[in-house]
Every structure is written in C-alpha cells, then in structure tokens.
Amino acid sequence: MKLIIAYIQPQRLTQIKEALAKAGICKMSVTNALGCGQQMGYEENYRGVKLSVNLLKKVRLEIAVTEEYLKKTVDIILEAANTGSIGDGKIFVLELAECYRIRTREKGKVAIG
Amino acid sequence: MNLSRFVFSAVLLLSLGAHGVLGAEETTGSGVETAIMAVSETSEPASIQNLAQLVTKAAEAAGTAQDSANWVWILLAAFLVMFMQPGFAMLEAGLTRSKNAGNIMMKNLMDFSIGSIAYFVIGFGIMFGADKLGLFGSDGFLLSAANTAGKEGMWQYAFWMFQVVFAATAATIVSGAMAERTKFVGYLVYSVCITMFVYPVVGHWIWGGGWLSTLETPMVDFAGSTVVHSVGGWLALCGALVLGPRLGKYGPNGESKAILGHNMPLAALGVFILWFAWFGFNAGSTTEASQSIGLISVTTNLAAAAGAIGAMITVWIKEKKPDPSMSLNGVLAGLVAITAGCANVSPGAAIAIGFIAGILVVFSVEFIDQVLHVDDPVGAISVHGVCGAWGTLAVGLFASKEFGGIAGLFNGGGLALLKSQLLGVVTVFVWCMVLGTLLFLAIKYTIGLRVSKEDELRGLDITEHGVESYGGFQIFTTD
Numbered sequence: 001m002k003l004i005i006a007y008i009q010p011q012r013l014t015q016i017k018e019a020l021a022k023a024g025i026c027k028m029s030v031t032n033a034l035g036c037g038q039q040m041g042y043e044e045n046y047r048g049v050k051l052s053v054n055l056l057k058k059v060r061l062e063i064a065v066t067e068e069y070l071k072k073t074v075d076i077i078l079e080a081a082n083t084g085s086i087g088d089g090k091i092f093v094l095e096l097a098e099c100y101r102i103r104t105r106e107k108g109k110v111a112i113g
Numbered sequence: 001m002n003l004s005r006f007v008f009s010a011v012l013l014l015s016l017g018a019h020g021v022l023g024a025e026e027t028t029g030s031g032v033e034t035a036i037m038a039v040s041e042t043s044e045p046a047s048i049q050n051l052a053q054l055v056t057k058a059a060e061a062a063g064t065a066q067d068s069a070n071w072v073w074i075l076l077a078a079f080l081v082m083f084m085q086p087g088f089a090m091l092e093a094g095l096t097r098s099k100n101a102g103n104i105m106m107k108n109l110m111d112f113s114i115g116s117i118a119y120f121v122i123g124f125g126i127m128f129g130a131d132k133l134g135l136f137g138s139d140g141f142l143l144s145a146a147n148t149a150g151k152e153g154m155w156q157y158a159f160w161m162f163q164v165v166f167a168a169t170a171a172t173i174v175s176g177a178m179a180e181r182t183k184f185v186g187y188l189v190y191s192v193c194i195t196m197f198v199y200p201v202v203g204h205w206i207w208g209g210g211w212l213s214t215l216e217t218p219m220v221d222f223a224g225s226t227v228v229h230s231v232g233g234w235l236a237l238c239g240a241l242v243l244g245p246r247l248g249k250y251g252p253n254g255e256s257k258a259i260l261g262h263n264m265p266l267a268a269l270g271v272f273i274l275w276f277a278w279f280g281f282n283a284g285s286t287t288e289a290s291q292s293i294g295l296i297s298v299t300t301n302l303a304a305a306a307g308a309i310g311a312m313i314t315v316w317i318k319e320k321k322p323d324p325s326m327s328l329n330g331v332l333a334g335l336v337a338i339t340a341g342c343a344n345v346s347p348g349a350a351i352a353i354g355f356i357a358g359i360l361v362v363f364s365v366e367f368i369d370q371v372l373h374v375d376d377p378v379g380a381i382s383v384h385g386v387c388g389a390w391g392t393l394a395v396g397l398f399a400s401k402e403f404g405g406i407a408g409l410f411n412g413g414g415l416a417l418l419k420s421q422l423l424g425v426v427t428v429f430v431w432c433m434v435l436g437t438l439l440f441l442a443i444k445y446t447i448g449l450r451v452s453k454e455d456e457l458r459g460l461d462i463t464e465h466g467v468e469s470y471g472g473f474q475i476f477t478t479d
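Each protein sequence line maps, in turn, to chains E and P.
My numbering numbers the first residue of the first sequence as 1 and each following residue consecutively.
My numbering numbers the first residue of the second sequence as 1 and each following residue consecutively.
Think of the hints as simulated: they come from the structure by calculation, not from any bench.
Hints may contain errors.
[Said to hold, decoys possible] SDA-like, lysine to any residue: derived pairs with alpha carbons at most 25 Å apart: (1) P:Lys-257 x E:Asn-54; (2) P:Lys-249 x E:Glu-98; (3) E:Lys-50 x P:Thr-64; (4) E:Lys-57 x P:Asn-263; (5) P:Lys-320 x E:Ile-25; (6) P:Lys-401 x P:Ser-290; (7) P:Lys-318 x E:Val-49; (8) P:Lys-249 x P:Leu-51; (9) P:Lys-99 x E:Arg-105; (10) P:Lys-320 x E:Arg-12.
[To be verified] From the derived model, a few chain E residues whose C-beta atoms are all more than 10 Å from chain P: (11) Met-1; (12) Ile-25; (13) Glu-44; (14) Tyr-46; (15) Arg-47; (16) Gly-48; (17) Lys-50; (18) Leu-55; (19) Leu-70; (20) Val-74; (21) Ile-91; (22) Leu-96; (23) Ala-97; (24) Glu-98; (25) Ile-102; (26) Arg-105.
Yeah, the Cβ is synthetic: ideal placement off N, Cα and C, and Gly gets one too.
Please take these sequences and the hints and turn them into a complete structure.
As structure tokens, then:
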C-alpha cells in the first residue's frame, strides 16, 4: 500500500479529478495549501504599496492506493496536472503501513479499495 | 411587500411634490388666470369679490403644498444621508482585516447612536442657537426650539433630523483612519466630543450665522466639504497621528508595507451606498423642495464619476494596474470635492473638480502613507480632509453667477470669494488640528487610546468584544 501526496496548481484540480474518475479512482482527500518552490512568488500592489507574495496558493491531493493502482494513478496526475510551466507541483509517494475503514473495522487492502 | 409599498408611496409623494409644487408659482399663476377668465366670462359684476377670495385661496393652497413638499424632501434627504452610516461601515470593514470587522461595526453603530444623543442635548444648540460673538450658538439645547404648536416649531424637528445625520457623518469619518488599533472606550469618548462640540462650532461659523457666513463675501460651503468632510478628515489625521501606525505597517527602515483589506466587494458596496446617499447629502442641503435639486444632483453625479476615472487613470499610470480600492477612493474624492460647490458650479466645472480630486487623492494617499508615515487604512484623511479642502477652494475658482449667484475667479468674480474660501479652509484646519490633538492626547493619557500589542495582534473582535465576526466561515477554493 502506498500514499500518494500531490501538490498541484489549484486550477488543474477539476481535470485531474475527472481523469482519475474515468480510470475508476474516486477516493481522495483535497485540502488547500500554501507553498513556495521554483515559482518564486509574485508581486501585488495595494494602494500604491508593493507587496511580494512568496507563498502561493496550491491544492494538496492525497490518495491511498494498492500497488496495482500506483502507476496508473501517478501517470494520470502527471498527465493532467502538467501545464509545462514552473509551479506545476510535485508528487510524493510514501509507504503506507496500515489502513482501517472506521465503519466496518476492515483493514489493509480491503479498507483502501 | 411593506417595503415596496413604502418606496411606492415615497415616490408618489415625491412626484406629487415635483408636479404640483415645485412649479407652484407657474401653476398657481395659470390657475388664477383660468379662474379669472372663467369668472369674467360667465358671471355678474358682484363676482369681483369671489375672484379675490379665489386668488387668496389659491395662494394659500400653493403655500401649504410647498410646505408639505419641503417637509417630505428634507426628511427623505435626511434618511438618505443616514444610509451613509452603513456605507462608511462597509467601506471601512472591507479595507481592513477580518479579525477587526466586528469592532468596526460597533464603532460605526455607536458613533451614530451616541452622536445622535450628544447632538440632541448640546450640539444642535451650539450650531444653530442664538449667535454669540460669531463663534457659537447659545440656545436651543435639547431641541427646545421645537414644538408641535405651529409651523416654525414643527419645522425644527425636520431640520434637526436633517442636521443630526450630518453631524454623525463627520463623526464616523474618523473611524476608518483609526481602524484596527483603537481602544473601543476611547473611541466612544471621542464620538461624544466631536458631535457635541468640535463639529457644531465649525457648523455655526459657516451655516449657523457665525463669522465665516457674515464676511463681506461670505464663504460658500453648500453641503459641507469643509463643515462635514474636512472636519472629519482633519480629526482623522489627529487621531492617526496620536495613535501611531498599526503593528507591522512600517519596516525597520521606514518602508511602507501593505496590509490587505479582507473584502473588496464589501468596500465597493460601501462606496456605491455612499454615492447613492450623497444625493440626499447635497441635493437635500437646499433644505427645501426647490427646482435647483436637479442641477445639484447632476453636478454631484458627474463629480463622482470624474473622480473615479481620475483616480483610476492616475493609479494605472503610477502603479501599472487600475487598483480597485484606489478607484473607490476616487469616487469619494469627487463627491467630497463637489459637496461645497454643488449648487454653484456648472456641470462641466463639476467634472473638472471631481477629476482633479481623483488625481489628488492618489498622490495624497501615497504621500501620507509613504512620506509622512501616518497609517490611514482607508484613506479617510486624503478623501475627506485633503479633497474637502480642495473642493472648498474650487468654489472660489469655478463658481458661476448663472448657477448660484456668485462668481469665482474663472468666471470674472475676482479673488474675493477665493480669499473667503481659503480663510475658511485654513481656520477650520487649525481649529480641528488643535482641538483634535488635545482631545486625543487627553484620551490617551486618561482612559487610553490604543489597545495592547497582544490585543492588536489577536484582533479587536475577540479582545474588545469577545466574539468573532466570521465564526465557522472559511473560503475554500477548488478552482
């Protein structure tokens, strides 16, 4: 079992969600996130005063998958999140030690699926 | 349902006023002529007496109709001006941080509430009571000149209602400049003082028969660029100076930092409300249902529009983007500037006055923030103080005999009016700066004017009022 964490451009979320759903992957968690990377922020201007915004708005996507879904999921995100510009984000894949479904107390692969 | 009924009857009353009364002189004139013709064609010589009765009756009817229209108009205008309170409240809340929004509502609520009582007890008497030395009024406290016995006494109620909303407008202007760091109880004390004394004295000088209104060429401040707006603006300057800037507003080397407002749509709503209510402010200042309210509404609207455009162009060139909050300030700059001369200038001149005010407000906001280092989160000092002074002086330049009976410098009137305007602007500035500084220093060293550093960081909603303004509210974006 693996946990996929992807930081993506907020405006790509809809495409990613749709592409994942098409491939039968429909369980995920989405949160708002702030972050900085190579994009280096930008400048705003408020009432004549410059304001540099370093932390940019991103969306954090978390998906727990079994081994057989791992490559498929990552490939879909790589494809759908890509705009070709700096700031498109990153995907981390982590080992997932255990997983429980609260309602049924099932665990492991059954709980993920 | 009830609301729409009310609006409908108000509109009906107004249109009755407009048709039946505003043209009272002409209609009674022609009515009498018709009556004379009818009488002389059909009846015997004895009806000369009837004719005289008819004429008297027609004149009486016209007089009563004019009176009713005056009452309706001044009160309708007063209610519009009262609506400036939510306008200022929304503008101020929009341009400041969410953690202080409830505190800002409380300040705006309370300066109107406390101001109403203070102006009833003392302020109105100082402003419009019997003149002493040309400096202040000395009777009519507690609305003692009003009664239900006759027309004069009844009029005092309507007139007071119109004046109290002006006093509260002057008071509430200061709130914005002192936002996000002022101790609530200190602000309450200030509200009493301005509506009870500081504002009424200036009002007496210019509107209540005081020395500026009895100059050889009396100062012209039709609806209060100086009386209301400069007074509010200069007191705002005193308040912001005594308070000092918000934490984090200026860096160690004095560089200005942006502290973003939390709700631009709310700020815009406030400005639209103010623009709407300003028609009552300016056109209502005729205090009677006269035909000039058309011209006044036109000059008011044109100046506001030109102010918005002027500010937008200026900030677009200076900062490369048409900044929304600055453009909103431009609307108010134009409105404040035209307030003094709205009944005395041509529509073309109104555009010039508003446009210049729009340019002025951008430079003024940046100068006060970046050079003087006075922290004014909403730009109240620039909008009301600076543009109020500009608008008052502009009457001395643009006034035209054709519109208000007095000519300014550009229309062959020479320097006389401009000198009176300048005298008014300068003396009101000095009066407000001296009294304002003393007042805020007195508050600072007695009950305290500023909250603690910890309270300021946590937000005044929780620390001053014990409640959050946006409990359970979070903006979550997925696109």
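Verification of the hints:
no.: 1; hint: P:Lys-257 x E:Asn-54; verdict: holds, 14 Å
no.: 2; hint: P:Lys-249 x E:Glu-98; verdict: violated, 49 Å
no.: 3; hint: E:Lys-50 x P:Thr-64; verdict: violated, 61 Å
no.: 4; hint: E:Lys-57 x P:Asn-263; verdict: holds, 18 Å
no.: 5; hint: P:Lys-320 x E:Ile-25; verdict: violated, 45 Å
no.: 6; hint: P:Lys-401 x P:Ser-290; verdict: holds, 18 Å
no.: 7; hint: P:Lys-318 x E:Val-49; verdict: holds, 11 Å
no.: 8; hint: P:Lys-249 x P:Leu-51; verdict: violated, 77 Å
no.: 9; hint: P:Lys-99 x E:Arg-105; verdict: violated, 42 Å
no.: 10; hint: P:Lys-320 x E:Arg-12; verdict: violated, 29 Å
no.: 11; hint: Met-1; verdict: holds, 27 Å
no.: 12; hint: Ile-25; verdict: holds, 17 Å
no.: 13; hint: Glu-44; verdict: violated, 7 Å
no.: 14; hint: Tyr-46; verdict: violated, 4 Å
no.: 15; hint: Arg-47; verdict: violated, 6 Å
no.: 16; hint: Gly-48; verdict: violated, 4 Å
no.: 17; hint: Lys-50; verdict: violated, 7 Å
no.: 18; hint: Leu-55; verdict: holds, 14 Å
no.: 19; hint: Leu-70; verdict: holds, 25 Å
no.: 20; hint: Val-74; verdict: holds, 21 Å
no.: 21; hint: Ile-91; verdict: holds, 19 Å
no.: 22; hint: Leu-96; verdict: holds, 25 Å
no.: 23; hint: Ala-97; verdict: holds, 30 Å
no.: 24; hint: Glu-98; verdict: holds, 29 Å
no.: 25; hint: Ile-102; verdict: holds, 23 Å
no.: 26; hint: Arg-105; verdict: holds, 31 Å
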